[in-house]
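One-letter residues, chain by chain:
2 protein chains.
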Amino acid sequence: MTGEKAQSPIGIFDSGVGGLTVMRRLIQAMPEENMVYFGDTARVPYGNKSQETIIHYTRQIIRFLQSKSVKAIVIACNTASAFALETARKETDLPIIGVIEPGAVAAVGATRNRKIGIIGTYATINSGAYEAFLNQISPDLIITKKACPLFVPFVEEGIVEDELTDGIIKRYLEEVRNQGVDTLLLGCTHYPLLKPAIEKFMGEEVVCVDPALNTAEKLRAILTENRLLNRLGAGDSPQYEFYVSDYAVRLSEFADRIMPFPIDEIKKIDIESF
Amino acid sequence: MTGEKAQSPIGIFDSGVGGLTVMRRLIQAMPEENMVYFGDTARVPYGNKSQETIIHYTRQIIRFLQSKSVKAIVIACNTASAFALETARKETDLPIIGVIEPGAVAAVGATRNRKIGIIGTYATINSGAYEAFLNQISPDLIITKKACPLFVPFVEEGIVEDELTDGIIKRYLEEVRNQGVDTLLLGCTHYPLLKPAIEKFMGEEVVCVDPALNTAEKLRAILTENRLLNRLGAGDSPQYEFYVSDYAVRLSEFADRIMPFPIDEIKKIDIESF
Numbered sequence: 078m079t080g081e082k083a084q085s086p087i088g089i090f091d092s093g094v095g096g097l098t099v100m101r102r103l104i105q106a107m108p109e110e111n112m113v114y115f116g117d118t119a120r121v122p123y124g125n126k127s128q129e130t131i132i133h134y135t136r137q138i139i140r141f142l143q144s145k146s147v148k149a150i151v152i153a154c155n156t157a158s159a160f161a162l163e164t165a166r167k168e169t170d171l172p173i174i175g176v177i178e179p180g181a182v183a184a185v186g187a188t189r190n191r192k193i194g195i196i197g198t199y200a201t202i203n204s205g206a207y208e209a210f211l212n213q214i215s216p217d218l219i220i221t222k223k224a225c226p227l228f229v230p231f232v233e234e235g236i237v238e239d240e241l242t243d244g245i246i247k248r249y250l251e252e253v254r255n256q257g258v259d260t261l262l263l264g265c266t267h268y269p270l271l272k273p274a275i276e277k278f279m280g281e282e283v284v285c286v287d288p289a290l291n292t293a294e295k296l297r298a299i300l301t302e303n304r305l306l307n308r309l310g311a312g313d314s315p316q317y318e319f320y321v322s323d324y325a326v327r328l329s330e331f332a333d334r335i336m337p338f339p340i341d342e343i344k345k346i347d348i349e350s351f
Numbered sequence: 078m079t080g081e082k083a084q085s086p087i088g089i090f091d092s093g094v095g096g097l098t099v100m101r102r103l104i105q106a107m108p109e110e111n112m113v114y115f116g117d118t119a120r121v122p123y124g125n126k127s128q129e130t131i132i133h134y135t136r137q138i139i140r141f142l143q144s145k146s147v148k149a150i151v152i153a154c155n156t157a158s159a160f161a162l163e164t165a166r167k168e169t170d171l172p173i174i175g176v177i178e179p180g181a182v183a184a185v186g187a188t189r190n191r192k193i194g195i196i197g198t199y200a201t202i203n204s205g206a207y208e209a210f211l212n213q214i215s216p217d218l219i220i221t222k223k224a225c226p227l228f229v230p231f232v233e234e235g236i237v238e239d240e241l242t243d244g245i246i247k248r249y250l251e252e253v254r255n256q257g258v259d260t261l262l263l264g265c266t267h268y269p270l271l272k273p274a275i276e277k278f279m280g281e282e283v284v285c286v287d288p289a290l291n292t293a294e295k296l297r298a299i300l301t302e303n304r305l306l307n308r309l310g311a312g313d314s315p316q317y318e319f320y321v322s323d324y325a326v327r328l329s330e331f332a333d334r335i336m337p338f339p340i341d342e343i344k345k346i347d348i349e350s351f
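Line by line, the protein sequences are chains C and S.
For the first sequence, the positions run 78 to 351 when the numbering used here is used.
For the second sequence, the positions run 78 to 351 when the numbering used here is used.
These aren't lab readings, by the way, just hints derived from the structure by calculation.
Keep in mind that the hints are not guaranteed to be accurate.
Copies of the same chain are indistinguishable here, so a pair counts whether it falls within one copy or spans any two.
Claimed, not checked - Heads up, simulated DSSO-like pairs for lysine-lysine below, C-alpha to C-alpha not over 27 Å straight-line:
#: 1; residue 1: Lys167; residue 2: Lys247
#: 2; residue 1: Lys247; residue 2: Lys222
#: 3; residue 1: Lys247; residue 2: Lys272
#: 4; residue 1: Lys223; residue 2: Lys167
#: 5; residue 1: Lys247; residue 2: Lys277
#: 6; residue 1: Lys277; residue 2: Lys345
#: 7; residue 1: Lys247; residue 2: Lys82
#: 8; residue 1: Lys272; residue 2: Lys192
#: 9; residue 1: Lys82; residue 2: Lys192
#: 10; residue 1: Lys145; residue 2: Lys192
#: 11; residue 1: Lys167; residue 2: Lys145
#: 12; residue 1: Lys82; residue 2: Lys344
#: 13; residue 1: Lys192; residue 2: Lys222
Using the sequences and the hints given, assemble the complete structure.
Below, the structure written as structure tokens:
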């Protein structure tokens, strides 16, 4: 039998709708869980904002998710994971996981030559969060990192398999490839949508690691350990709710490109009031 | 003699630092005016947000600028001009001008073949604001419009004279060029920084209109009419103050690329509290 708390949803948030790439992995790993997603579309992107601002936004979002009685929180946004996870954990009495540590663990598991590349937004790359975890797990790694701020707008424009995309990938990733990395950490929720184009440029020797996969595994382990894993009754379906801070241009179109099912309803909330 | 109110600053705001291209024109046209600039760097960009959200942000910013005792307000942001100017004028007892109407007037003055192109963010283009003014001034125009959402991130990355920029310009503007426009309205504060590359693609027959020039002329006329034009005393310099809602990544670097003088101090304020 499943306790009442196990039926509570998992809360997931991101600066925008890119975090749906993480939710998709959570659903694959835990198909019986109820979930509440929040995308901060009014204030996206986080990638060039300061730590102070991102902590402020994260606090508001966690208060909103708590109002939905979530049993655990996944910070799907790499930038918020890098800047605000520690503060969020201190201030919140719920299991909270980010994508950085699971991503680092996956990358160390994947590399054979100990050379790892990390790509992400300016904020994520400058934070040093991935290196901190990588060095903690394995101090002998050779790490190359590169901020790729144009990748997100390219993905949001739907320009993903295109000669222009290949051009910007070459511009950003040529020096990373030249370092001989055999593993590339995709340190931004949008980047899995560019994975085929990035793999084409990096070559088949290089493994592109999407932190979402390992994040989903880690969360399942935490829920199992805390006896919080949900079991649906026969014939029941999991409930998914979607919230945003703004009905942004082409929101549903972009969401539908990511999710394996159409999203019926996206509700807008006033995040500044939380 | 200059009255006390004439010495009050002009308030200028934009979704980010792109509006400094407008402030630069205001300084050229009115070198004796004091000015207060606000860039909403915590919530930039506005270009893919909804009208409701942009009106909410504009109200907060106008309250902030009023706290600085401004004598007039320039909405340097095209998206905010398109969505929030009318509401702002109704609610505020100060002269407020946007960039859309002055831009439309300048474009009609520039065209010879009556074919005008308009480029901007999704929000500006979808708002129909430029066409509304253009059609009001001259109903026989043939208008071609195109949202170019990747131009802003390219400019912010400093990729402006580059084969990648030429590629994205060709992608967005080929159909506009093929329409035979002889005038192109640069409907976003960042676009003047791409002007040389856009002119190279569009050809020397096409005039690129930066609405900021005419906006500055219009504001000077309004201040003159209302006896609000400032006269500095001998040896005095105008005062410029710069505020943002976040110390964004590479803020000063980008600002210094636009302004003709280095900016000594940029202050951060909590815009949500206004």
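Evaluated hints:
{"no.": "1", "hint": "Lys167 / Lys247", "verdict": "neither (41 Å within a copy, 50 Å between copies)"}
{"no.": "2", "hint": "Lys247 / Lys222", "verdict": "within (15 Å within a copy, 31 Å between copies)"}
{"no.": "3", "hint": "Lys247 / Lys272", "verdict": "both (14 Å within a copy, 25 Å between copies)"}
{"no.": "4", "hint": "Lys223 / Lys167", "verdict": "neither (30 Å within a copy, 47 Å between copies)"}
{"no.": "5", "hint": "Lys247 / Lys277", "verdict": "both (10 Å within a copy, 24 Å between copies)"}
{"no.": "6", "hint": "Lys277 / Lys345", "verdict": "neither (38 Å within a copy, 43 Å between copies)"}
{"no.": "7", "hint": "Lys247 / Lys82", "verdict": "neither (48 Å within a copy, 55 Å between copies)"}
{"no.": "8", "hint": "Lys272 / Lys192", "verdict": "within (19 Å within a copy, 42 Å between copies)"}
{"no.": "9", "hint": "Lys82 / Lys192", "verdict": "neither (43 Å within a copy, 64 Å between copies)"}
{"no.": "10", "hint": "Lys145 / Lys192", "verdict": "neither (42 Å within a copy, 53 Å between copies)"}
{"no.": "11", "hint": "Lys167 / Lys145", "verdict": "within (20 Å within a copy, 38 Å between copies)"}
{"no.": "12", "hint": "Lys82 / Lys344", "verdict": "within (24 Å within a copy, 46 Å between copies)"}
{"no.": "13", "hint": "Lys192 / Lys222", "verdict": "within (11 Å within a copy, 47 Å between copies)"}
Hint violations for this structure: numbers 1, 4, 6, 7, 9 and 10, all remaining hints satisfied.
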